[in-house]
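K.L.:
Sequence:
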Amino acid sequence: MLLWQANSLIFAPMELQNDILLRVANGQTVERPPVWLMRQAGRILPEYRAVRASLSGFKELVETPALAAEVTIQPVDILGVDAAIIFSDILVIPEAMGLKYEMIEKKGPSFPETIQTEADVERLITDEDAASELTYVYDALALTKKQLAGRVPLIGFAGAPWTIFAYMIEGGGSKTFSKARRMLFREPALSHRLLEKITMTTIAYLKQKVAHGADLIQLFDSWAGILSPKLYNEFALPYLGKIATALHEEVPVTLFAKDAWHALEGLAEQPCNVIGLDWTQNPQIARQRVGDKVALQGNLDPCQLYAEPEQVAQAATEMLKAFGGQHIANLGHGVYPDTPLDGVRAFINAVQAFRY
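With positions in the sequence shown counted from 1, the corresponding number in our numbering is that position plus 66.
Heads up, some of the hints might be wrong.
Stated by the list, open to error - List time: in silico SDA-like cross-link candidates among lysine to any residue, alpha-carbon distance up to 25 angstroms: (1) K308 - A352; (2) K166 - I144; (3) K296 - R259.
Don't read these hints as lab results, they were simulated from the structure.
Could you put the whole structure together from the sequences, leaning on the hints where they help?
P.N.:
Here's what the structure looks like:
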């Protein structure tokens, strides 16, 4: 029997008790949609807030495998979702490449140093050398997998190369990411060089995630929507495709390009299993555009969960009917921290009660 090892942790793969998510991702017919929430391991849960309150900051939680595993499993125990997603951060990749970041409370990520020149790009650590810096993530995966004991699949994730690029150039969040976009226009060759380095590092990182227990990989292109279709096709989509190509024979791959309504056909051409939709996209039109070879994921407006539970349940049922199958129920983006737990439960319960 094959054994995976993460430092001192050794575990054997086991049959999943609930594999409905993977069955949908692999194109199989199921009796109901699976459901999980982006950012389900977070401040919507009092249990998470209790763990977080005892720590110095967000990064301590990310970098402590036992605690990351604990909060990853909380939504499975408390909400009964059909998948766990490892608690981590997309910005571990630039940090492993040599660009440190800080997570500032109520403000978000901040990079004291940014990428500005060719010399900055050439100094970056890449590929397996960079991925080897993230053993705490792999340890968290292995520990989570062991503690889940086959109850549900475990999702691993990474930021898409364009989104990581945007943070590395800009130095933090931005309404426009104008510095990052400016580099695409002024230094396209250097931009491609940096995107290639991010891509190869991400592939090495995600392969380690799969080796340590991830059953499905999701790529988050959070800032896809700030690029024009032309720029997205040149500087974002090819790199998503490279990552999907490197992984799709090992595990199912989900591509989520927020606000990139124009990219659906291009995403569907990549070797992926699932395409995530934000809440601005129409399920029927999206299905017509991508065809039948992929499942769709999403796309309830996260603010819908602020409504009364009965309204949430009705909206969830209407969404499920609109998709009509080959669908993983989720929100159109991450659940907001102050979302009422009653709304979250109403959404999950409505999905799990639905039958095709």
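K.L.:
Each of the hints needs a verdict: does it hold here or not?
P.N.:
Going down the list of hints, with the structure as the test:
1. K308 - A352: Distance of about 23 angstroms is within 25 angstroms: holds.
2. K166 - I144: violated (34 angstroms)
3. K296 - R259: Since the Cα atoms of K296 and R259 sit roughly 19 angstroms apart, the hinted pair holds (cutoff 25 angstroms).
When each numbered hint is compared with the structure, a violation occurs for hint 2 only.
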